[in-house]
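Residue numbers for the sequence shown, in the numbering used here: 1 to 133.
Rather than coming from a laboratory, the hints here were simulated on the basis of the structure. This structure is a prediction, so every number in the text was calculated from the model and none was measured. Some hints could be false.
DSS-like, lysine-lysine: derived pairs with alpha carbons at most 25 Å apart [what the hints assert, rightly or not]:
1. Lys39 x Lys68
2. Lys64 x Lys39
3. Lys60 x Lys39
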Amino acid sequence: MKSSIQFVDVDRPETWTRYRNGLCQDCVANCCTMPVEVKLPDLVRLGLVDPFEAEHEEPKQIAKRLSKAGLIEHFNFRHSIFTLARRASGDCHFLDAKTRLCTVYEQRPGTCRLHPQVGPRPNHCPYSPRGKR
Numbered sequence: 001m002k003s004s005i006q007f008v009d010v011d012r013p014e015t016w017t018r019y020r021n022g023l024c025q026d027c028v029a030n031c032c033t034m035p036v037e038v039k040l041p042d043l044v045r046l047g048l049v050d051p052f053e054a055e056h057e058e059p060k061q062i063a064k065r066l067s068k069a070g071l072i073e074h075f076n077f078r079h080s081i082f083t084l085a086r087r088a089s090g091d092c093h094f095l096d097a098k099t100r101l102c103t104v105y106e107q108r109p110g111t112c113r114l115h116p117q118v119g120p121r122p123n124h125c126p127y128s129p130r131g132k133r
C-alpha cells in the first residue's frame with residue numbers, strides 16, 4: 001500500500017513540488033533553510049554593508065569583517081559571492097522562527113526574490129505544509 005505522506009528533502013530536489021501561486025502561504029519555509037548566496041548590492045539592501053563601504057572597500061575586506069561578525073559563512077573570491085550565515089537550526093537569520101516568515105521581506109536578497117524560478121530545480125520548491133516538517 002502506497003503512503004500518502006510525502007517527505008521533502010531540501011538537499012534532494014527530486015522530492016520538491018512544482019511551484020504554483022499561493023503555495024508559500026501555508027508552507028514551513030523550507031527554502032529558508034537553504035544556503036543563500038548574495039552579492040554586494042544585496043548586503044547593502046539588507047543593511048549589513050554601508051553604501052560607502054561597498055564603493056570604497058575591496059569585497060575581500062568586507063568578507064573578512066562579515067565573517068568575523070558571524071554574518072557570512074563563505075566568500076567566493078573569484079565571483080565575489082557571499083553565503084549568508086545560518087542559525088544552528090539551519091534557518092536563515094532573517095526567518096522568524098515562530099511565524100516562519102521573512103523579517104526582511106522588502107529588502108530580501110535577489111536569490112530569494114527569484115526563488116523558485118531559479119535554483120537547483122527551477123520552478124520547483126521544497127514545499128512542506130505547516131504542521132509537517
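Okay, the hints, checked on the actual structure:
| no. | hint | in the structure |
| --- | --- | --- |
| 1 | Lys39 x Lys68 | 18 Å, holds |
| 2 | Lys64 x Lys39 | 15 Å, holds |
| 3 | Lys60 x Lys39 | 12 Å, holds |
When each numbered hint is compared with the structure, no violation occurs for any of them.
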